[in-house]
Amino acid sequence: MRTIAFLFALLFMSSASVFAQNQIKGKITDSKDGSPLTGISVKVKGTNNGVTTASDGSFTISTPKMEETFEISGVGFLGKTVKGASGKDLQVSLDVDTKSLSEVIVTALGITRSKNTLPYAATTIKGDDVNQTRNSNVISNLSGKVAGLDIKQTNSMGGSTNVMLRGFKSLSGNNQALFVIDGVPFDNSNNNTADQTTGRGGFDYGSAAADINPDDVESISILKGAAASALYGSRGFNGVILINTKKGKKGFNVTVNSGITHNSILKNTFPTYQKKYGQGYGFYYGPNEDSNFNEADINGDGIPDLVTPLTEDASYGGRFDAGKLVYQWSSFDPSSPNFGKALPWVAAANDPTTFLEKPLSFNNSVFLEAGNDKGSYALGYTRSNEKGLLPNSFLDKDLVNFTATYKLNDKFTAGASANYSDISGKGRYGTGYDGANGLNPMTSFRQWWSVATDVQELKDAYFRNKQNITWNPASRNNITTPIYWDNVYFTRYENYETDNRKRLFGNMSLNYKPVSWLNILGRVALDTYDEIQEERKAVTSVGVPFYRRFNRRYTETNYDLLGTSDFDLTSDLNLKALAGTNIRVQSTASIDVITNGGLGLPRLYVLSNSINTPLPPVEFEGTRRIEGYFAGATLTYKNTYILDGTIRRDRSSTLPDGKNVYYYPSVSAGIVFSELVKPEWMNYGKVRINYAEVGGDAPLYSTKDTYVHDIDANSGSEVSTFNGNSLFSVSNTKNNLQLQPERTKSFEAGLEMTFFKSRFGFDATFYSAKTIDQIIPLTVSSATGFSRKFVNSGIIQNRGFELSLNGAPVRTTNFSWDINVNWTRNRNKVLELYDGVDNIILGDFQGSLTTNATQGEAYGTIHGTDFIYTNGQKTVGSNGRYLKTGTNNVTIGNINPDWTGGITNKFSYKGFSASFLIDIKKGGDVFSTDLYYGLATGLYPETAGNNDLGNPLRAQLADGGGIVREGVTEDGKTNTIRVSASNYGAYGYRFAPDKAFIYDAGYVKLREASIGYSFPKNMFGNGMIKGIDLSLVGRNLWIIHKNLPYADPEEGFSSGNLQGIQTGAYPSVRAIGFNVKIKL
Amino acid sequence: MKRILYSVLLSGLFLVSCKKNITDLNLNPKQPDNVTAASLYANASINLSDVLASPNVNTNIFRLLSQQWAETTYPDETNYDLDGRSIPDRWFTEFYRDVIKDLSQAAVLLENEKLIPPIMTDAQFKNKKAAIEILTVFSYYHLVTTFGNIPFTEALNVDKTQPKYDDAATIYAKLITDLDAALAKITPAASGFGSADIILDGDMANWKMFGNSLKMRMGMLIADSDPAKASAMVLAAAPNVVSSNSENLQMHFLSSPPNTNPIWEDLVQSGRYDFVGSNTLVNKMKSLNDPRVPLFFDLDESGGYSGGIYGAANSYSSFSAPTVTITEPTYPLTFFSYSEMEFLKAEAVARGIAVGGTTEEHYNNAIDASIEEWGGTATEALAYRTQPTVKYTTAAGTYKEKIGVQSWIALYNRGYDAWTQWRRLDYPELLPPPDGIFANGETPGVPVRYTYPVVEQNLNKANYNAASAAIGKDRVTQKLWFDKF
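Residue numbers (our numbering), protein chains in the order written: chain A, 1 to 1080; chain B, 10001 to 10485.
Any given hint might turn out to be false.
The list that follows gives simulated cross-link-like pairs (lysine to aspartate or glutamate, EDC-like), each with its CA atoms no further than 20 Å apart [what the hints assert, rightly or not]:
(1) Lys910(A) with Asp373(A)
(2) Lys10461(B) with Glu718(A)
(3) Lys10160(B) with Glu832(A)
(4) Lys10030(B) with Glu718(A)
(5) Lys704(A) with Glu10301(B)
(6) Lys502(A) with Glu556(A)
(7) Lys10030(B) with Asp705(A)
(8) Lys10461(B) with Glu832(A)
(9) Lys10160(B) with Asp838(A)
(10) Lys10030(B) with Glu619(A)
(11) Lys10164(B) with Asp866(A)
(12) Lys10461(B) with Asp838(A)
(13) Lys10473(B) with Glu556(A)
(14) Lys25(A) with Asp373(A)
These are calculated hints, taken from the structure and not from any lab test.
For reference, chain B alone in the conformation it holds in the complex:
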């Protein structure tokens, strides 16, 4: 009996000790080592849409920087405290790691998939490639216009753990070349990523429009810094951009979490009451009798429309909160709208770029399109834009001011685009809050860029220091290369 016990114990020991390939234990049974290009592409598309649509104070505070919204209890972002919660870090990381990296890996997998049956046609392959490339350019466009110099030639290379920063204008030029190359790959009649293309549902004609609209926007961005190139780009792109509200390029969120509209997540699902319309925007719109006021905002508790004091703490119920329209779970993210394109064309004509039509025609189209896009009527639009304060010929200021003010209103809820438009045109006049914090030791001013991420300061110090010196100084008031005035 005892002998049996001993031998069981001892043989047990030897049995378990005879395992040959123990390294197999280190293969994770719950995670794949190969996936489809489409799954990465779709994932990148969602992450991109989320970060652009988000009103989250940890990432996307452009509705606040463009003074469309004010804050209620915690006016940190409207006082330009970007450090408190490392806002630039998340914006930077979302683009590089969560969007561009997945896109670049999708491109790698796509090359492999080309060789595996069922074989895709060359046109399909090129279409998919084009979609990946356009989104990549679109993502870098946001990074380079947020920060200025950024890692580019050494980015996405994990062997370069401390990538150098490249000159913003040089990167921008390369992005334009890449965009043209991507557009040249598109065969509108052939398919692309199909349903995995959650932005444009695999419609390659729409991708062509997306690429051209982006080119239009990118062209106008450099209208002050490189007018010749801007002109060429705008002329080439203009015939193919979004040309009616029904063509607006939008990503549609789903009705149930987690693929819902991020505005719904932060404003409704969270149960928080962080934002109200800003007095800068609401007062301006009210002074212009803008029919979009009730389309953008809810009534305040005294039954009127009022904006919270920008930069101050505001009582939520005393002011007008953003309307429920944009807080619906399925409310879409607009990438490019007809209204925006018409404003760009209006500006192009004003700058002497012959895209056809007059500045006033485009200006009127843009305003009409915006009001209708928000649910207003053509009648309301006409009444609005024929007022002397709005009418192109009589409204105050230069073309920059007229277009600046109106496009700022029309780009409501598109914080980044509104902020960038303001940076380019310098109108409307935005003032920093009175007792603003001296972020990074600088005299308060309305930010014209994000400071570099805290993580970069700590992990990539030498390149960070070089980039900071190259752009001037790493501060929110440091104007970027395109921002001449």
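The following block holds chain A by itself, in its conformation from the complex:
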């Protein structure tokens, strides 16, 4: 808080007036302990003449009169109006303002405003609240803490984080909130491939906001509505997350953090396996193709032996029987102790849970802050070493931050900051369903697996010779040639990726304050990174071995010139005005190349090791430039009535000439009614209302048509020639030279109040936003010759209600209890799509499943096949299996939750503190591809129990096995047809519609809990150490309630618009950490 105050002071510090005749001196102290207060504003009432207190709390102000009335105010303290006179030292003590809402808040373009008089919704989170769990991803730590903010992080190591404010606004474009660090936009794009985001395999390289150093965060402001973010232009329309970094404090402070985190899985987000039946698909094997086993004379005694059907990746095989001896995969591994032995037919002692490690991650940081009257600096270094749950995975981050400001003279302040991050990953998790590559072990563990396979034996089999000896070989004679699945250890240790991103983010600024009420800021900011991603597939793996490298460079430069003024027009009327210009240039260049046809020498990963000449790399180069001019003004009357307006004009390079200039306004009003009526019980009350429009430009290269090369499905390379003949194709996307800017119109109204000496308070907001004329690559019938067509069309409406409640039920000298509750309900609706079009496909997935935007429905409905219902009951056909709809366009789910909420409780008793956060999501649907296949292949206990007759359901029908599906036959009578469940597919995808695999995605999670202890200050005396804090923190500790079996309902492929589908889902990671913080 004081740091903010200091910042405030720096920004608004005015030089002594040249007209001064009399000097009035004084000192401001804290009423509680008499300590001097720095950065407190002392202003002559009714004028702009003011100063701020120095580090010892003293001030000197020159006034034309001998005696003046001063308004004394400071952030975090209750203001006072006192009289002072020349020659008399003015001694003023201020009371701490316990109203949590009376903070200053950093708003658009880094302008600091008092939250009391802010006419739009904004929430501030303190740095401590996001970095105390020591999770190296700041963003995911916001989950459950802010009304209207929807955070979803994938469970893969370093996976991307979906950050959405107030729902999906764009049909197909970016719905991610904009990140801004110290007034400068920070790229958070996710560059995962289209295949990755639709669950077709690939690595989740995370979103770039993961480069932010949690320990450098002073506070985070969340600007939810368009009015708050209109000044950021197009990118602000999804809301803005403003991160304010530490700027250095007076004096010299050093903070050292050292933490260790233990990660493990939440067991109920991982499969529980049936332990009754082993490898196989059913009764398909043996000499008569009616047995669970193959037969061959392995030991040469002339009698056929039982052999596991090794090529089968399912658990619908023979019933386990320890007395039965069967030749299994390890019996054919010459290096195995089991070689040549028939083994008891039993379930594996070590199932796939033993594949997942319980790694320790480390996080250490040092922060230096120093400052004096002239300036300040902060220097920080953080190193985190994170290890994933999968073997051979890590993510190392080195983050260096430096920020400095220096007062050149009374009028000029120069500032610069540089943040350098170097992030290296190895062995990121394969995601989704990549049948050909098998890089996601979860796809195997959840869908295609033999419960007879002992994972620890696989580990030994790999490490003995580092060969791909697998449980699923093409034949028993060739145990190192997998048919569908590599040895999962081989996958992790041989087919790993590596990546590195080096990023420089920084700015130089110069602040000019010619007169006390005017401030001019010039700033140049740069955000640039180079990244490389290298992927490998080793020789002998399933599919084609390869080496791929992808290099990308991203650069964003922002040039800002910003004038702000703060002027009291009369003693009651204050005008804050701003005007400025911003030029943003973003450019990306990338090159992607892969070997062709395999690798010559095993384990050599260079392009020259390609068997065939590599195809030409896929190149991309693009630049976007937006020039903006903006102005705004805020009138505040008697600190009670607030009127705020902004206007911005943008010109973008991505729109056609003549249509690339667009204007958009915002207007907001607020009344602090607690200034008008002042009942005892109410401390503060404000109503606010605002309307804003934000314009948006088009994606790069969406106006003019070009020809392209087709992409080879096997390698992802461009197919550019055939036998020396050049090849080109009409692009799959039809561009549009008539595109015009898209627009979001939003309305918001809110009420904020605090009561009972600020012990209780709430902030309630209703909002409604419509995005119109959207620039969308409309999915079209491919009979048009295209898959997509860029159009300006579509209206999405998001309406919602956000509520935050703050309470301090107990507050005594030694003990306090604080509660924060937030609740959000967003309803979105697709109002209009395109001329005659009532549905567009957002993504298509396995199972002929699509996610859609359908006119009149919520954005993100899941379409697929449904049951056929007779009198509301599921209908079974004449074969005893469920009937399904004849078409795949039936709405079977909706990915949007009914509501979300979070409850934080904080307790403190003397040096102890404790807190926990419960994060709740109600409703929303998810389709589990894992169960769609995994139930069919018999991995789960549901498929291996007893039937209504008390017999094993997998027994042959003749032996009393089989199942009777719950439902009715077509004539409406209760179904009594018993069908075989002895072969794969009795459950799962083959005989059930997609609807059977739709689950409620709601959850109640104990997201965070922490216990901290701060050693008492007096313990350290005047020694070097000023304080020691210990904390024990946990993240994702417990899923209190969920409806999706064996998985985390939050898990998805990636950030972006394609949510609501799971395949090869990773389990939730429970992190428990211990941290020591030492202040020097």
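Once you've looked at the hints, dock chain B against the given chain A.
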């Protein structure tokens, strides 16, 4: 010093702000806005060849539907689960977007190129045009015979994002007219697309043969539904169709990826073992002592030839896998073969269409041609076809059954053609797997069409519903207009 710093900062701001035509930034430096007609034509030809040659379970499952192959671990397609991975979508999209669209744009560019030096002769122009048009007809032929009613008059018009579906028989009639018009444009002596013609290497005489062979096939397709038209077409085309194995019209793939034989990609390069010969085909061939068994299939692990149970999960090593011949990277795609043409002629004669010769002569020629095409000898062929079970006069059944069974064998690895031949002739008798899934709620039956794409159901719903009603119902067992029996 400070002053310099300020002025640098400020002037920097103004310098960057003075950019006039920022729209130029939106021109993609890595993609051309103009190309040659030949490059589009060649691209379309590759895509067409790929989709027809492919055994990929996501696109082309006709080797499975015609029961030439069975599946090993994942018998989804042989149980007629077309939805699981949206198989019809890819087939539909490949033709419309990746073949026909490129062909139609090639035709547009060709008109422009006509005016730009070096000027091509009128004969060259017409030859190129003819090649484009024949491939377009050939592509639509596949779509209309796969789905039935399809978008046609409103297809390829991006302004019509929801194209209506036209009547299949009407489209078919138009395709025949278009084919005749294209054939009339050909000057065999002049050149066409030259080396960019990756199918026939710019040989216009071969294009004439391609067009006529297509006409022959298209004519026979409607022999039951429109015998008069079929007869006229077959009579007109017969003298100009492929007339020896050396004339077989084939596209030759290259030895290195990505322009390799798709069978090699899916069966060898992928490292997968998804397919074995089907018991339906292998048992039939074995019962006829067919010399092509070892030419089509490898030995199983017990040293014999056996087919996997159609529709069941099969162990790869227990059964005979497809032979390495067809899995070579350069193994060609056959569009039209001598054997196929002789079977069509045999059938034509049997139906009373006087293309010359007798049914038996053509039948014998067809069998000989097939065996020789697969590397067998004339002696083997003679021994084979003189067995009473094969010999035309003594083999079981009607001409439909005799020709149906033999052409089904001869069209091995040409899944689509074999499946279509079966749909027309209804022989050999193919049975659905015993515990087949009720795809789309329908009682299992061997598919006689693909259902419409899931994308069409979702994006083009009204027209989809209309088309579905017009053909009867959108189900795999819905017979198409030509499929009278």
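Comparing the hints with the structure gives:
With a C-alpha separation of about 34 Å, the suggested pair Lys910(A) and Asp373(A) falls outside the 20 Å cut-off, and the hint is violated. For the suggested pair Lys10461(B) and Glu718(A), the alpha carbons sit about 34 Å apart, so the restraint of at most 20 Å is broken. The suggested pairing of Lys10160(B) with Glu832(A) holds, with an alpha-carbon distance near 18 Å, which does not exceed 20 Å. In summary, the hint linking Lys10030(B) to Glu718(A) is supported, as the alpha carbons are separated by about 12 Å, within the 20 Å threshold.
Between Lys704(A) and Glu10301(B) the CA atoms are separated by roughly 58 Å; this puts the pair beyond 20 Å, and the hint is violated. Among the hinted pairs, Lys502(A) with Glu556(A) is consistent with the structure: their alpha-carbon atoms are about 14 Å apart, no more than 20 Å. A hinted pair counts as satisfied when its Cα atoms are at most 20 Å apart, and Lys10030(B) with Asp705(A) qualifies at roughly 12 Å. The straight-line distance between the Cα atoms of Lys10461(B) and Glu832(A) is roughly 16 Å, inside the 20 Å bound, and the hint therefore holds.
Between Lys10160(B) and Asp838(A) the alpha-carbon distance is near 14 Å, which keeps this suggested pair within the 20 Å criterion. Note on Lys10030(B) and Glu619(A): the hinted pairing holds, with a Cα-Cα distance of about 7 Å set against a maximum of 20 Å. With a C-alpha separation of about 26 Å, the suggested pair Lys10164(B) and Asp866(A) falls outside the 20 Å cut-off, and the hint is violated. Using a Cα cut-off of 20 Å, the hinted pair Lys10461(B) and Asp838(A) holds, with the two alpha carbons roughly 9 Å apart.
Pair hint Lys10473(B) plus Glu556(A) does not hold up; C-alpha atoms about 55 Å apart against a cutoff of 20 Å. About 17 Å separates the Cα atoms of Lys25(A) and Asp373(A), which keeps this hinted pair within 20 Å; it holds.
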